[in-house]
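*Asks:* Each chain, written out:
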Amino acid sequence: MSPTFEELSVGQDIGGRSIDVTRQDLVKYAGASGDFNPIHWNEAFATGVELPGVIAHGMFTMGAAVQLVSDWAGDPAAVVDYQTRFTKPVLVADTTGTGAAGAVIEVSGAIGALDAEARTARVDLAVVFDGQKVLMKAQALVKVA
Amino acid sequence: MTINPDLQGRSYPAAEVYDVGREKIREFARAVKATHPAHFDVDAAQGLGHRDLVAPPTFAIIVAQRADAQLIEDPEAGIDFSRVVHADQRFTHHRPIFAGDRLVAELHVDGVRAMGGGAMITTRAEIFALTDGDGREPVSTTKSSILVRGEGQ
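Protein sequences appear in the order of chains A and B.
For the first sequence, the numbering used here gives the first residue as 359, with consecutive numbering after it.
For the second sequence, the numbering used here gives the first residue as 295, with consecutive numbering after it.
Bound-form chain B, shown alone (with noise of 0.2 Å):
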């Protein structure tokens, strides 16, 4: 198995809309073991000046991986996903996310470097909000660096 070293430069457009709902901020938050009220009780998120609940810091996760599938379902890619180890992770939030947030997310292959038999593959997804009237904001831009290893690795 050989990561196409063409994968480099590459994007991903955004695909499909991911809708923050309340109970999937909750799931997620008890999943990580977090106990903050503002992920789990309305009033208390809107008490610190949220417009409703809030997504525990790591939720982006969610986004990016469902782009990162684009790249490692790709076959062009030669990615074996049962040989992917995740090495490092990044998440910058330009702003937090929401429950009723609609967001997408444009993937970008930063880099793919050689390494053993396998290679070290980095993306960035850029995340942004719907907003009203077609325009989008940005809310996070995640960077993640996979190692898919070679044999014996």
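Same shape as in the complex, but just chain A (with noise of 0.2 Å):
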């Protein structure tokens, strides 16, 4: 069911859901997106140029994360508007074969201010890897009906 601007209040959670994420999904995300960036998909070449690891495209995070808004929405057509600043990198482990995660990426989202005459709410985004959060300022702006 969509949310009805009348039953919104600034504050207001509207869930988390939580992502698992392995090194073939930055090699889908990089053939789906067309970001060959080997930081991305090679340890040597990521170590190479001085980062800790392969680390996740900022904009598979950012992709990955306003799901959440979009399922809340009812319509990914609503998010009329999405921004955020990347200020940590996801590391991804090494886990091929085990079926385990590389990491894992915590999102939440609540409210954060509502606007009447333009019936848009402004979705505040909480993405947290590794207990740091690796987006900030990620809003979401929602059409609301």
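These aren't lab readings, by the way, just hints derived from the structure by calculation.
Mixed in with the good hints there might be a few duds.
One-sided and incomplete, this derived list gives chain B residues near chain A with beta-carbon spacing under 8 Å [unchecked claim]:
| no. | residue |
| --- | --- |
| 1 | F334 |
| 2 | L342 |
| 3 | H344 |
| 4 | D346 |
Reference listing, derived: stretches of chain A covered by chain B, where coverage requires no fewer than 3 residues with Cβ under 8 Å from a Cβ of chain B [claimed, not checked]:
| no. | segment |
| --- | --- |
| 5 | 384 to 390 |
| 6 | 424 to 430 |
| 7 | 437 to 451 |
| 8 | 461 to 475 |
| 9 | 479 to 485 |
For glycine and all other residues, C-beta sits at the position ideal for the given N, C-alpha and C.
Reconstruct the complex from the two isolated chains, following the hints.
*Replies:* This is the structure:
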């Protein structure tokens, strides 16, 4: 069920989800997006450019985090604006062949602001990896019926 | 390696057309672990009043990064792609992207700022859909900042 504007209030929780990430997911995202920067799939290359290891595409994390909002809104087309800053890398361990996650990203959302004239809700996302926020000011503006 | 400060204010006109296919929307949606039926099932998308599959909210990055590549690959820019880190990103959707759209992007370099031995570069892609009769309709504005790390950063 899609939310209606009248039933929303600032501070309201829209829920959360946990996202398991593997190196294979990063390869899939590279292929789907066309971003083949080797820091997202090659350990030697990543450490060679002074990164701690293979890191997820910021856009993978941003793209995966907004699904919570699409599902809550009931229609992904209701997300009219979405922004974030990438503050910490998501290091993805090599778990190839084990079935285990290489990283786990926790996403939760709450209503940060409401605009009665535009009938939009701003959803503020908290996106956490390894106990630290990896996205800052992750905000999605949603058109509400 | 030095970033060319004269990049600021530069624009790259719309080049190739990006045809948004249903399978590409499905592939991208799977890649960001999206499960909403409007990305996968035409009937579900139409049931929400859309003409075809709806692209995920960050799908426009494909078109924006193709436009960015014109800058990154410009030998005059002096950007080492292996030292590029994405700093921030924003999508403003004037309307959703649907399967069947034919998109073009104009790239604008809005800012270049030296940071340590590197630079922060802010770009804006204005994405339009081509319409019948040679028109174009605004679809998305994407803004992105990339940090090109200097040595030891």
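*Asks:* Taking 8 Å as the limit, does the beta-carbon of H344(B) come near enough to a beta-carbon in chain A?
*Replies:* holds (6 Å)
*Asks:* Examine the segment 437 to 451 of chain A for residues whose CB is less than 8 Å from any CB of chain B, and state whether their number is three or more.
*Replies:* holds (count 8)
*Asks:* Just to make sure I understand the rule, a stretch counts as covered if three or more of its residues have a C-beta closer than 8 Å to a C-beta of the chain. Does the segment 461 to 475 of chain A meet that for chain B?
*Replies:* With 0 residues in contact (Cβ-Cβ under 8 Å with chain B), the coverage given for the segment 461 to 475 of chain A is violated.
*Asks:* Tell me if L342(B) is really an interface residue toward chain A, meaning its C-beta lies closer than 8 Å to one of theirs.
*Replies:* holds (5 Å)
*Asks:* Between the segment 424 to 430 of chain A and chain B, see if three or more residues pass the 8 Å beta-carbon test, and mark the coverage as holds or violated.
*Replies:* holds (count 5)
*Asks:* Can you confirm whether chain B covers the segment 384 to 390 of chain A, using C-beta to C-beta distances below 8 Å and requiring at least three such residues?
*Replies:* holds (count 4)
*Asks:* Using the nearest Cβ pair, does F334(B) come within less than 8 Å of chain A?
*Replies:* Violated - the Cβ of F334(B) stays beyond 8 Å from chain A, reaching only about 11 Å at its closest.
*Asks:* Counting residues of the segment 479 to 485 of chain A that have a beta-carbon nearer than 8 Å to any beta-carbon of chain B, does the count reach 3?
*Replies:* With 0 residues in contact (Cβ-Cβ under 8 Å with chain B), the coverage given for the segment 479 to 485 of chain A is violated.
*Asks:* Classify the hint on D346(B) as holds or violated, based on whether any CB of chain A lies nearer than 8 Å to its CB.
*Replies:* Interface hint status for D346(B): violated (11 Å vs cutoff 8 Å).
Comparing the model with each earlier hint shows violations of hints 1, 4, 8 and 9; every other hint is respected.
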